[in-house]
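Colleague: Chains as they are written, first to last, in this note's numbering: chain A, 1 to 404; chain B, 1 to 404; chain C, 1 to 404.
Bear in mind the hints are in silico, worked out from the structure with no lab data behind them. Possibly wrong hints are sitting among the right ones.
Pairs involving identical chains hold if they fit within one copy or between any two copies, as the list cannot separate such chains.
To be verified - Below 20 angstroms or equal to it, Euclidean Cα-Cα: the simulated DMTMM-like pairs (lysine to aspartate or glutamate) are:
{"hint": "1", "residue 1": "Lys188", "residue 2": "Asp272"}
{"hint": "2", "residue 1": "Lys31", "residue 2": "Asp70"}
{"hint": "3", "residue 1": "Lys163", "residue 2": "Glu48"}
Residue strings, one per chain:
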Amino acid sequence: MKSLKLLVSLAALSAASHAMAWDYVLLDSDKAADNLHLTSQQLGVKTERPFSVTLRTLHGGRQEGVSIIDIDNGVMKLSVVPTRGMNVLQASVGDVRLGWDSPVKEVVNPAFIELNGRGGLGWLEGFNELVTRCGYEWVGHPGLDNGELLTLHGRAANIPASKVTLHIDEKPPYAIHLRGELKEQAFKKVDFSVATELVTEPGSTSFTLNDRLTNNGDYPKEYQALYHSNFSTPFLEQGAKFAAPVKQVSPFNDKAKADLADWQTYRGPTRDYDETVYNVVPYADAKGETLAVLHNKAGSLGVSLGFNTQQLPVFSLWKNTDTQGQGYVTGLEPGTSFSYNRRYQRPLNLVPTIGAKEQRQFQIRYNLLADKAAVDDALSLVGKIQDGRQTEVRPTPLVDLSKE
Amino acid sequence: MKSLKLLVSLAALSAASHAMAWDYVLLDSDKAADNLHLTSQQLGVKTERPFSVTLRTLHGGRQEGVSIIDIDNGVMKLSVVPTRGMNVLQASVGDVRLGWDSPVKEVVNPAFIELNGRGGLGWLEGFNELVTRCGYEWVGHPGLDNGELLTLHGRAANIPASKVTLHIDEKPPYAIHLRGELKEQAFKKVDFSVATELVTEPGSTSFTLNDRLTNNGDYPKEYQALYHSNFSTPFLEQGAKFAAPVKQVSPFNDKAKADLADWQTYRGPTRDYDETVYNVVPYADAKGETLAVLHNKAGSLGVSLGFNTQQLPVFSLWKNTDTQGQGYVTGLEPGTSFSYNRRYQRPLNLVPTIGAKEQRQFQIRYNLLADKAAVDDALSLVGKIQDGRQTEVRPTPLVDLSKE
Amino acid sequence: MKSLKLLVSLAALSAASHAMAWDYVLLDSDKAADNLHLTSQQLGVKTERPFSVTLRTLHGGRQEGVSIIDIDNGVMKLSVVPTRGMNVLQASVGDVRLGWDSPVKEVVNPAFIELNGRGGLGWLEGFNELVTRCGYEWVGHPGLDNGELLTLHGRAANIPASKVTLHIDEKPPYAIHLRGELKEQAFKKVDFSVATELVTEPGSTSFTLNDRLTNNGDYPKEYQALYHSNFSTPFLEQGAKFAAPVKQVSPFNDKAKADLADWQTYRGPTRDYDETVYNVVPYADAKGETLAVLHNKAGSLGVSLGFNTQQLPVFSLWKNTDTQGQGYVTGLEPGTSFSYNRRYQRPLNLVPTIGAKEQRQFQIRYNLLADKAAVDDALSLVGKIQDGRQTEVRPTPLVDLSKE
């Protein structure tokens, strides 16, 4: 009965825009996030592999009231969390899962998180996504900057989206666009909005994030962005490799120095390993495009992240190869900045400014590399971008944290 | 269908009290805040200008689940936010809007605010109302007092009302009373309740707040209250004026010293102005009644706040004449106290005590001064209260903040 | 209509498990906490005193969205709060009420509490239960430990239960089991889950808590647990007594030293008394079982808590015999630990460790002692466990808080 009513209203909505696309408002100030199940069949689209979009609500525990949007493009399944910054919870193609197993099992409603708790590490009580947006006032480790405690990786991941819309192109390839707006606002402090978009085409094994940050304020403002993109098995395993065109790599801290020689190779789950982080300055092609690749030991399965260094000039490689139970995971993290507290990044020129009314675009393409040929193609592109240019392996961290 | 059901229950309720008034419970422990639309026609009231009361719920972003009550008294429209301390979000008469445009666009659910964030400035993430209640344990700037971080302007604005009722007198002028209770309770710390009331008469261009603070505890307790009443255009503009019977005025801090000579005149939107604040001790008439007036440059449009200095002995004038986008706004703020951190106000005797089981009443009358005659009348009353008494213009702040 | 639908689904559920028990899922990730009223009659159980289980939702104020489960076992009524750590809000037998009157009148949704507020005392804004779970990462007074602010008594009481189920044995005595899972998880910090259970038998005047803590992490982890069990009149009164087999008792702090001689006797409501706390190391029988008893002056009414010192080796007696309005209450608190900040308890060997994948069981039996015979029996058991062994009355606190 309920779904019937929804269909009716969906039909009514789509009628209004039938020439170019189907458009649905899933959530807005006067519209609650009702359950929804929309299929390509309902739209009258005949595709080889039917696609669908589903909105559901979680209950119980600290996930009470959290909305999840599941997109099944016919080949790849994606779950997006409007209640948590439009983060991408997970993606999968068949039994290949992009994402990881965090000890945090719930999809936590930000209402139940104190980001200022645990000395600014409250963010860790909700961290379990494939892609967690970090920013946009700041990113990085908690600590005082200008007398204010900056909490881990900013607020974006814990801002519920204000308006969520679904847009499906009405002609092939019927690209599916899921959009949500994040408002990061505080009187006298910040007036950002982030128009997020996830795009995937039916039948594809990739998706793209297109985010547009706007400084609605009348003054320039510092900002930072980092896309915490997290993978585990079957990509991550002993002997798995990371590849990118690298201009400079350095250990994040003293601990990471020890493994610097092997920074591009992964360990299996390693008891007491905790984590090491490497700060990477990537090379890019003439247009700024670059590619980061993670693949398994055999080179038969991988993922690539394509991004533009004019938007996201640096990259953190987070190697959290501890035990499976603690979260065996690696983070591929294109960003404006590394993961130091903001006060350390100003001297590195990694705290950019966005002028009044200006916008910044952040675009990342996530591709599954489903076989050896796809992995080889990606590695070949990495080599082409590197183009024989030298890599500086800097033995010491860019920041002397011992002086803290 | 739903509204029909509501009407039935409304009718049933009203029947129970038909002799004196119509009474409706809009929200209570066993009653969710359901959507409601109640009109004078439904009540069988024949007025020249029909009035109505509407309850709606906001969705999405950080305003998920926030209730708004819209009162249209036939001439003035008012919006009250039960989820945020029964604050008055905005009011308007025709196209004259009382209120302002904060960078904070959402009506933020307190569940998503950490008042202790941003060094105690988390309150700024929700601040956008015409009248924001500040108090009642404390008001003022964040800072340590007795070893505890007092967050900006207390908790009242972020306490959802516990029980919300609507009372409409059953005979002319059919005054509309909206009531909500705020509970400010913590074991061993505080046991306050605040019975808030907003009253407006159909067809009028004014409203009154009648708040009653009760100390339910068995011990005397410090308290503070401040009614942060915020106006922008068309009242605020270059050359707009503030008037009140003034016994003493002083700059809040060193920055405000520079503009002391012009403290009663406003600038237009001024880049990099930020804010200045003036601490005012008003004169009152023999009964303690006083009046503060804000009017435009031409003196053809204004607002007045009437209050009693026995209840609210001091007044802060907040001149935030920065750019429109940053929030071009002035705050007229009757209070028990100024906006210093509580620890600074004890030596000023501005941290009163409320005895066990005692009550304190706070009443403020907000009037639109719709034309020159109304403005002149109000200014005349100000002059009458001043009654030729001297104004001390104190050149230095009451508190030496440099010693902090 | 709604209740009919519920009954249908209940019947369907019960059919699936009719051989052994009736099982109902009250709340799960895909199931909201809908209102429910289930009676023994509906189950076809013929008992002398019909029993029932009811689920309801609170609205308004800071209790918006809080679920309450009321169990009426035919003799004892119990209210459990899934939204607050499955805490036992209150219990009663006839007009004898177990529990107390806190100044906090709402059943506060954790979404509205900042545990880190008030210098780590935010917990006090929700504290009003008969049994409040404290733990499981830590218990005790707020303060820094390893550079992190530990908030008062940990997070358990403010963790909403993730999955709540009701299990009723299908044969006499038809024991009612209410279960809820608490997830206490933060990446890199903690991966605990607590399977809570409350069991009561129809017609009985007792209930039991059976909690099982699991460390799902791959590393050993410190933990602490304390069951804050709070009673007032008619048990607590001037001359009321506490009894337990005591190996050692000491004052918590200097203030408690003054009343050490009378530590087992209670005052009536005493202005400005605030609180005293005594740290008790109980004796137990050969199996570790022990008993704590609170009874009125006449010895005609009491409660007992039975627990095992292998699970909960120490006991805090909290004597908050201030005025009724401030909360006239005593806490009987079996725990792994006392109420000092965790950093003080390590040297006392009261910060135990739970190994990877290990479990710890905590079981407490709450009995109403309805008449003098029942009180005498309980006191007799206390004497039997003491078995003539000596009590060390230690005149000084175990921790020198003045050195803080």
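Colleague: All the hints need checking, so say for each whether the structure fits it.
Modeller: Right, here's what the structure says about each hint:
no. : hint              : verdict
1   : Lys188 <-> Asp272 : between (44 angstroms within a copy, 11 angstroms between copies)
2   : Lys31 <-> Asp70   : both (19 angstroms within a copy, 18 angstroms between copies)
3   : Lys163 <-> Glu48  : neither (31 angstroms within a copy, 39 angstroms between copies)
Hint 3 from the earlier list is the only one contradicted by this structure; the remaining hints agree with it.
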